[in-house]
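**Q** Sequence:
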Amino acid sequence: MSFQQTASQTVGPYFIIGFQNGVHTDNAGDQAGAVTIHGRVFDGKGTPVTDGVLEFWQADANGHYADASDAGFLRVPLDADGNFTLRTVKPGRVAGPNGTLQAPHLVVNVFMRGLLKHAPTRVYFDDEAANGEDPILALVPVTRRATLIAKPSTDGSYVWDLHMQGADETVFFSY
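Numbering of the sequence shown is given in UniProt numbering, commencing with residue 1 and proceeding in unit increments.
If you are wondering where the hints come from, they were derived from the structure by calculation, not from laboratory data.
Since this is a predicted model, take the numbers as computed values, not measurements.
The beta-carbon is built from N, C-alpha and C at its ideal position, and this holds for glycine as well.
Be careful, since some hints might not be right.
[To be verified] Under the rule of at most 16 Å between Cα atoms (straight-line distance), these lysine to aspartate or glutamate pairs were calculated in the EDC-like manner:
1) 45 <-> 126
2) 117 <-> 161
3) 151 <-> 128
4) 45 <-> 169
[Unchecked claim] The calculated label-pair distances, taken between Cβ atoms and stated as ranges, are:
5) 23 <-> 138: 32 to 40 Å
6) 156 <-> 116: 32 to 40 Å
7) 114 <-> 156: 29 to 37 Å
Kindly produce the complete structure, drawing on both the sequences and the hints.
**A** Printed below as a string of structure tokens:
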């Protein structure tokens with residue numbers, strides 16, 4: 001008798017109440033140029049996702065990536081209302097395809113119920129003129145780009161909501 005590999009399971013649920021190991025929501029410390037990004041994650045029915053985690057990877061303020069132990073990584077759980085908040089240093093421009101410069105952005109991986117693997121996306125900053133020159137953002141239809149852009153708030157923070165499906169679905173990238 002031979003055994004075959006079984007189908008993959010969805011991500012989770014594996015979150016343990018009170019589990020804080022690996023949660024990291026602030027990598028700015030007392031550095032100049034710190035920004036706060038907050039928002040909510042919604043499923044396809046518009047219901048807040050309460051059992052997910054967002055992982056953020058980014059360059060430093062000079063546009064350099066470092067190793068995984070560097071401050072360019074954040075792991076942010078969603079709260080009971082689907083909210084998240086992170087504080088980080090606004091990243092600099094990084095080299096992209098063919099050496100072209102990308103606009104400041106954070107790479108985001110979404111982990112939540114019902115996903116077979118994480119959903120990768122990006123978040124850009126609305127007040128960056130460099131958005132118009134970003135080669136990755138240029139691949140996204142103009143009508144969908146707003147789903148990747150955090151808007152400035154009156155309190156100086158940025159607001160960015162993610163929609164997993166539906167009319168306002170956030171753009172996700174395949175690799």
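**Q** Give a verdict on every hint.
**A** Hint check:
The suggested pairing of residue 45 with residue 126 is violated, with an alpha-carbon distance near 27 Å, which exceeds 16 Å. Only pairs whose Cα atoms come within 16 Å are accepted, and residue 117 paired with residue 161 is rejected, the gap being roughly 20 Å. A threshold of 16 Å between alpha carbons decides the hint, and for residue 151 with residue 128 the separation of about 11 Å falls inside it, so the pair holds. At most 16 Å may separate the alpha-carbon atoms for a hinted pair to count; residue 45 and residue 169 meet this at roughly 11 Å.
At about 34 Å, the CB distance of residue 23 to residue 138 agrees with the hint of 32 to 40 Å. A hinted range of 32 to 40 Å holds for the C-beta pair residue 156 and residue 116, which are about 38 Å apart. Taking 29 to 37 Å as the suggested C-beta distance range, the pair residue 114 and residue 156 conforms, at roughly 35 Å.
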